[in-house]
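Student: Sequence:
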Amino acid sequence: MSLTGIAGSLVEAWAELRTHKTRVLLALIGVALSVASLTTVVALADMSREALAQGSEASSGRPATLTVGAYPMNGEMGDPAPLREAFGSVVERYAVEYASLNLLTSVPFQFPDGVVQAETTVVDADYGVMRRVNLTSGAWFTETDGQRLAPAVIVNEAFYARLGSPDLAVDPVVRISNGTPVDAVVTGVRRNLWPEEPPAAYMLSEAYDRVGAVAAPGMNGPPMLELWVPEDLAEPLTAAIISDLSAQFPALQIDAYRADYAAWGDPYGGMQLAVGGIAGLVLLLGAVGLLNISMVTVKYRVREIGIRRSFGATSGRIFFGVMLESVVATFVAGLVGVMAAIAVAKLPAVQRQVAFGISELPPFPVEAALLGLGAATAVGALAGLIPAVVAVRVKVIDAIRF
1 MSLTGIAGSL VEAWAELRTH KTRVLLALIG VALSVASLTT VVALADMSRE
51 ALAQGSEASS GRPATLTVGA YPMNGEMGDP APLREAFGSV VERYAVEYAS
101 LNLLTSVPFQ FPDGVVQAET TVVDADYGVM RRVNLTSGAW FTETDGQRLA
151 PAVIVNEAFY ARLGSPDLAV DPVVRISNGT PVDAVVTGVR RNLWPEEPPA
201 AYMLSEAYDR VGAVAAPGMN GPPMLELWVP EDLAEPLTAA IISDLSAQFP
251 ALQIDAYRAD YAAWGDPYGG MQLAVGGIAG LVLLLGAVGL LNISMVTVKY
301 RVREIGIRRS FGATSGRIFF GVMLESVVAT FVAGLVGVMA AIAVAKLPAV
351 QRQVAFGISE LPPFPVEAAL LGLGAATAVG ALAGLIPAVV AVRVKVIDAI
401 RF
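My numbering puts the first residue of the sequence shown at 1, with every later residue one more than the last.
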């Protein structure tokens, strides 16, 4: 069929829809609701999956995150400085773009009610990106923060509340009560990881080394290195790092492994498939209703179709004209359904439920909108196929007798 013929069929389809709009409207409402349900469910499932993935990345890193550690085979750990220097050499040697030290320790902070050894994670600036640290106010560390005379610290909500919730805009100071007291500046506040989390803080490795804080006995863990690398390089890079560090530190047990949630596959993929299957069944019900209406409409149009055949309308023109009526109608209904789904997904109440506790709000997935429009068009084509075949078989003599 030529472009002129297709354009003519579309015009005829639209005209017929306007003529039979009362009959078709009820079926299209069902299709629009079905498409809205399909798109909304798929979109919210995708957004929820993204939110769950962000939560997992906050606790274990983005895919693929390698964690490198070293443990003494006999006796004490000793001076960690050579190991930390070797960690830096690993990052440079393998040109890793995102890497961070991860040292769990404690730092004595002076609160209004006394000195508290607060759990402190010593990191590098890349840690915030690698772990999606969720700040409720302030900003994450920058590379220049490591050179500040007054060390920058980022604290959790419990720490911030115990400090008196000062205004971050005026650079609130908290004292580190070490041998020589040092004033640090609170530059950000992160969300508590659980409701009763005690005061905790983050500090850059350069600032921690300069302050020389003394941890409480038993609170200094071994230094760890975290690397965010492409997933296809994770396995060979793991073996290479173990080999390099084992040669440099024969007295240490070198361990390197993937720590992110996707190390053993995507745990959230099955949920999305199940939700999509349920939504597909909902759409199928709308297609059955449209098919019934289309069959009834064709039976009422036997005379019209026969007259068109008598004036020379070809079987192909009749077929595409009837089928395109259904396709055009369901496309418009699908467009309305997708718009309704976007409106639902953007409701503040829905956003709060989907995005609770994460640092980045998942956007409405374009794939869900395209799926909704594609499904609506496919339903129109399938629902119009049988009536189109029936219309092609109408004979002129049948129209005269009708």
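No lab work stands behind these hints: they were computed from the structure. One or more hints might be untrue.
[What the hints assert, rightly or not] Listed below are the simulated SDA-like cross-link pairs for lysine to any residue, each with C-alpha atoms no more than 20 Å apart in a straight line:
hint, residue 1, residue 2
1, Lys346, Ser60
2, Lys346, Gly69
3, Lys346, Leu361
4, Lys346, Glu50
5, Lys346, Ala369
Everything numeric in this text was worked out from a predicted model, so none of it was measured.
Student: To test your reading of the hints: which numbers does this structure violate?
Tutor: Of the numbered hints given earlier, those the structure breaks are 1, 2, listed in rising order.
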